[in-house]
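Asker: Got chain A; can you put chain B on it based on the hints?
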Amino acid sequence: MSALGTSPERSDADAKLRGQAVYGADLSKTGMLWAALARSPVAAGHLRAIDPVPALRIDGVLEVVTAADVPDWRTGVIVSDTPMLAADYVAYEGEPVAIVVAESRAAAEAGARSVAVDIEPVEPVSTPEQALAPGARLVHPEWNRFAVAGGADIGRNGNVVAEVVHDPGDLDEAFAAADFVVEGTYRTLRQYQAHLEPKMALATYESGRYTIEVSHQYPFRLRDRVAQILGVAPSAVRVVGHHIGGGFGAKLDVSLEAFAALLAQRYRRPVRMQHTALEERLAAPCRANAITAVRSAVRRDGTILATDVEIVSDSGAYANNGPALSSIPMFVFGSIYRVDTARIWTRNVYTNTAPTGAYRGVNGPWLVFANERHMDAIADALGRDRREFRLASLARDGDLMRNGQPLEQVSILREAFDRVDDLSGWQDAGAGELRGVGQAAAIWLTNPMPGHATVKLNEDGTATVITSATENGSGAVATGLRQIAAEALGLATDQVTVTMPDTDATGYDAGSQGSRTTHVVGRAIADASAEVRSQVLDQASQMLEAAAEDLVITDGVVSVAGVPTASVTLGQVAQSVTWTEGPIAAGASYVTPTPPHDPLCATGMLIKGWPTPTYHLHQAEVSVDAVTGHVTVDRYIVCQEVGRAIHPDAITGQIQGGVAQGLGFALSERVDLDHGRYVQRTFKQHGLPLAADVPRVEAIVMEHADPAGPFGAKGAAEPPVVPVAAAVANAVADAIGAPIDSLPIRPEDVLDALERTQ
Amino acid sequence: MPASRSEQNVTVRLVVNDRAHELEADAGETLLATLRDRLGLTGPKEACGEGECGACTVLVDGGPVASCILAAGSTNGRAVRTVEGLAGAGDLTTLQQAFVRHAAVQCGYCTPGVLMVLTALLEKVSEPTEAEVRQALAGNICRCTGYQQIVEAAVDAARAVAS
Chain A
11 MSALGTSPER SDADAKLRGQ AVYGADLSKT GMLWAALARS PVAAGHLRAI DPVPALRIDG
71 VLEVVTAADV PDWRTGVIVS DTPMLAADYV AYEGEPVAIV VAESRAAAEA GARSVAVDIE
131 PVEPVSTPEQ ALAPGARLVH PEWNRFAVAG GADIGRNGNV VAEVVHDPGD LDEAFAAADF
191 VVEGTYRTLR QYQAHLEPKM ALATYESGRY TIEVSHQYPF RLRDRVAQIL GVAPSAVRVV
251 GHHIGGGFGA KLDVSLEAFA ALLAQRYRRP VRMQHTALEE RLAAPCRANA ITAVRSAVRR
311 DGTILATDVE IVSDSGAYAN NGPALSSIPM FVFGSIYRVD TARIWTRNVY TNTAPTGAYR
371 GVNGPWLVFA NERHMDAIAD ALGRDRREFR LASLARDGDL MRNGQPLEQV SILREAFDRV
431 DDLSGWQDAG AGELRGVGQA AAIWLTNPMP GHATVKLNED GTATVITSAT ENGSGAVATG
491 LRQIAAEALG LATDQVTVTM PDTDATGYDA GSQGSRTTHV VGRAIADASA EVRSQVLDQA
551 SQMLEAAAED LVITDGVVSV AGVPTASVTL GQVAQSVTWT EGPIAAGASY VTPTPPHDPL
611 CATGMLIKGW PTPTYHLHQA EVSVDAVTGH VTVDRYIVCQ EVGRAIHPDA ITGQIQGGVA
671 QGLGFALSER VDLDHGRYVQ RTFKQHGLPL AADVPRVEAI VMEHADPAGP FGAKGAAEPP
731 VVPVAAAVAN AVADAIGAPI DSLPIRPEDV LDALERTQ
Chain B
-15 MPASRSEQNV TVRLVVNDRA HELEADAGET LLATLRDRLG LTGPKEACGE GECGACTVLV
45 DGGPVASCIL AAGSTNGRAV RTVEGLAGAG DLTTLQQAFV RHAAVQCGYC TPGVLMVLTA
105 LLEKVSEPTE AEVRQALAGN ICRCTGYQQI VEAAVDAARA VAS
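Chains as they are written, first to last, in this note's numbering: chain A, 11 to 768; chain B, -15 to 147.
In isolation and in its complexed conformation, chain A is listed as follows (with noise of 0.2 angstroms):
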């Protein structure tokens, strides 16, 4: 029986319902001492002095270290721009400036709270548009002298810190020519992660290297984060991954580790840290605000002739990965709705604020949110059906994106207008007096990053597979790689186990983000798992006295086909194997080609291609009530594409929980700054979505199986969230006959709107 398509148990299901999966959060060790760091109350100022004496007269509290007492070189994953303790300036509030270490974690706490800082405050560059007006304070006054890794010319420039260019240069040409222009601004707030586990760290220092236990998305990223901050070789690192209370991409940089090592150093002991619950709002990586402009030149026709994306997103403080990040909405505008030519200019800018970073579907949710609803508008000013001028404007196989890349499979998307229209049709849908229907398409990539897995057949004829794929949540590792091993084995799912990360035990992992785990390094199991196979049959072969290519492995037994009762079991194949030719296993790795493109589309770009990509429509049918604003989203359709289903159940969950998190970021999310603050300071002020509020979501799964995939699985996980707010928002302008240009779409501002369309 196949592994695939059907919905076998995780191997963690049991562990976590009982209560016995350790979490990072779970962990202790003996003899561990504890850290926690004070942060800048401020959003900006001169570091004058840090008094240490109050901390430490609690009871408990060994030190307080700052700024002159660790690395002083500033580190990031793209620019080079974040000191380990600030040491003249506080650029966002939150930022740390010393670590109390202490013998328990109330006085460690108790301490961070009582470090005297004394900052001059300055008036703090609260917004992108105050960041990018002429003569603004920069953020980092010699960001001229941070390093770029790999030299990348990113366009950096005062408080830019990254620009991405594409200009084809004819755009004035065709806006002369069209008969007329569609345009709207577009802006979104923040959205928080809201992974329930805190970030943590635990670190021990033993014989000149350094091991963290953790739970991490990306236990190689951490490594080499790690000893970049340290200053030490990435194998003085060994990362050692546990069960992840949930990440989102929050948990893909580093963030306590790097302190938590260097006091493991610096005390021979233990060090253990963790977030405060204030700590991980301030903290934590949101989901970047962002205002999105966007301009078309139509014809009558419905020819859309040229579109003018300018977009400003928020860097916070220091860059992380939003330079990287602003490649993406290349791969948004003029892709799958034909446009003849686009100009897309997208700055990534500094602000006295908390970093911005990865949050599912990176940058999507917001871009597809203008995209679509600047379709709505030029359908309107066409007087089209949405619909109708959505499938006319559909690019076809073989388009080009705005990177020169072929979209290759884009025909599927007309698969997914049909099916979702087949299951609630477009004409009747959101009819009714304050009802509304809303669509919105998407292509989103599989992430591409390296992965590798070793398969070894077990002496009993099992199988294990040993990566650093980490579980994050998806099920992509508690399932999914189980599945792919067991089909390419001829096992049973329940006869394959995955390892736990560890750095020093597997080759590079690139880590839960993107919906890369399934695809990258299922394929690196598929591809190792054909070798051993080919080994059991060698085996076998001699064992049954017949040819390799006669052999069928189903269910665990080898046998010769049409021969059932000539067969040796996989257990009789490994332990004959393992005292005569020794065991078998074989490794594989796998990184995604980068697609074909035009290198020279844009400047500054550091994501040049949108690999394995996937296609989506969602459907929204909502009502609004006149008195409250309140919106109700009576019905959700997802169609999605996904190559090829290996666990549907675990694919059904992946639609519902990223459309929750769109029906936050659209309806009832918050992530507000007041003078570079953030305002929300507990969960509960965030109006993240409740089991009441979240409606069931209908879902329809389309295969289209890449070649390239392991049985022709590509990415799923991540982009149910992507066109999720555009959809809602197009439905809420539907019903109230109004615009809606901004997220969160509060019921003050459907009332408003609602007066002035009545």
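In case anyone wonders, no lab produced these hints; they're calculated from the structure.
Do not rely on the hints blindly, as some may be mistaken.
[Claimed, not checked] So these bits of chain B aren't anywhere near chain A, every CB distance computed over 10 angstroms: (1) -8; (2) -7; (3) -6; (4) -5; (5) -3; (6) 4; (7) 6; (8) 28; (9) 34; (10) 44; (11) 45; (12) 47; (13) 61; (14) 107; (15) 130.
[Claimed, not checked] Now the stretches of chain B that chain A is said to cover, found in silico as 3 or more residues with beta-carbon under 8 angstroms: (16) 68 to 82; (17) 116 to 123.
[To be verified] Which chain A residues face chain B? A few, computed with CB under 8 angstroms, are given here: (18) 207; (19) 510; (20) 693; (21) 697.
We treat Cβ as the ideally placed atom computed from N, Cα and C, and that holds for glycine.
Answerer: Showing chain B alone in chain A's frame:
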């Protein structure tokens, strides 16, 4: 000011998962800290620390409470049940089995609290509707699942128990 010198310990006698304990808790110590740090029961999860997310939920005398904001001292003489006490070392409960069948576990960090709330609900209401299940979960944040598979698991478990 020296911290914790003037604080007084309190003696707490409580029954946790059918085992009686007598222990000295710090004044102001939360039940969550007692369970996790003194009794080694790390099933109840530490998350928001503010009683807002539900990951730390345990049953006190059968009713769900946020153990991260409940003083351990206030549970003197009471019976506490944690996620570890649901199945013990035996088979998973009907509810837990339904979670497996419905793929209702993802990262799993909210799961212990969600299970306690739903266990209490199913003890009170034999066949809750979907809406009742969703209402019961008003204090539990799950960022992974979108709640649907959790709700389906609860309804299915109730049906399985009733039949």
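Asker: Now look at each hint and say whether the structure bears it out.
Answerer: A quick look at each hint next to the structure:
1. The non-interface label for residue -8(B) is consistent with chain A: the shortest C-beta to C-beta separation is roughly 15 angstroms, beyond 10 angstroms.
2. The Cβ of residue -7(B) sits about 14 angstroms from the closest Cβ of chain A, beyond the 10 angstroms cut-off, so the non-interface label holds.
3. At roughly 16 angstroms, the least C-beta separation between residue -6(B) and chain A is larger than 10 angstroms, which holds for a residue marked as non-interface.
4. At roughly 20 angstroms from the closest C-beta of chain A, the C-beta of residue -5(B) stays outside 10 angstroms, upholding its exclusion from the interface.
5. Against chain A, the non-interface label of residue -3(B) holds: every CB pair exceeds 10 angstroms, the least being about 23 angstroms.
6. At roughly 20 angstroms, the least C-beta separation between residue 4(B) and chain A is larger than 10 angstroms, which holds for a residue marked as non-interface.
7. Taking the minimum C-beta to C-beta distance to chain A, about 23 angstroms, the non-interface status of residue 6(B) holds against the 10 angstroms cut.
8. At roughly 7 angstroms from the closest C-beta of chain A, the C-beta of residue 28(B) falls inside 10 angstroms, breaking its exclusion from the interface.
9. Not every beta carbon of chain A lies more than 10 angstroms from that of residue 34(B), the smallest distance being close to 5 angstroms; the non-interface claim is violated.
10. Every CB of chain A is more than 10 angstroms from the CB of residue 44(B) (nearest about 17 angstroms), matching its label as outside the interface.
11. Interface exclusion of residue 45(B) from chain A stands, the closest Cβ pair being 20 angstroms apart, more than 10 angstroms.
12. With a minimum CB-CB distance of about 19 angstroms to chain A, residue 47(B) clears the 10 angstroms threshold, and the non-interface call stands.
13. The beta carbon of residue 61(B) sits about 24 angstroms from the closest Cβ of chain A, which is more than 10 angstroms, so the claim that it is off the interface holds.
14. A cut-off of 10 angstroms between C-beta atoms confirms that residue 107(B) is not in contact with chain A; the least separation is 18 angstroms.
15. For residue 130(B), the condition that its CB be more than 10 angstroms from all CB atoms of chain A is violated, with the nearest at approximately 3 angstroms.
16. Counting residues of the region 68 to 82 of chain B whose C-beta lies closer than 8 angstroms to any C-beta of chain A gives 5; at least three are required, and the coverage claim holds.
17. Counting residues of the region 116 to 123 of chain B whose CB falls under 8 angstroms from any CB of chain A gives 5; the rule of at least 3 is met.
18. About 5 angstroms separates the beta-carbon of residue 207(A) from the nearest beta-carbon of chain B, less than 8 angstroms, and the hint is met.
19. A hinted interface residue such as residue 510(A) counts as satisfied when its beta carbon comes closer than 8 angstroms to some beta carbon of chain B; here the least separation is about 14 angstroms, so the hint is violated.
20. With a least beta-carbon distance of about 4 angstroms to chain B, the hint placing residue 693(A) at the interface is held under the 8 angstroms criterion.
21. Taken as an interface hint, residue 697(A) does not check out: its beta carbon lies about 11 angstroms from the nearest beta carbon of chain B, beyond 8 angstroms.
Hints 8, 9, 15, 19, 21 from the earlier list are contradicted by this structure; the remaining hints agree with it.
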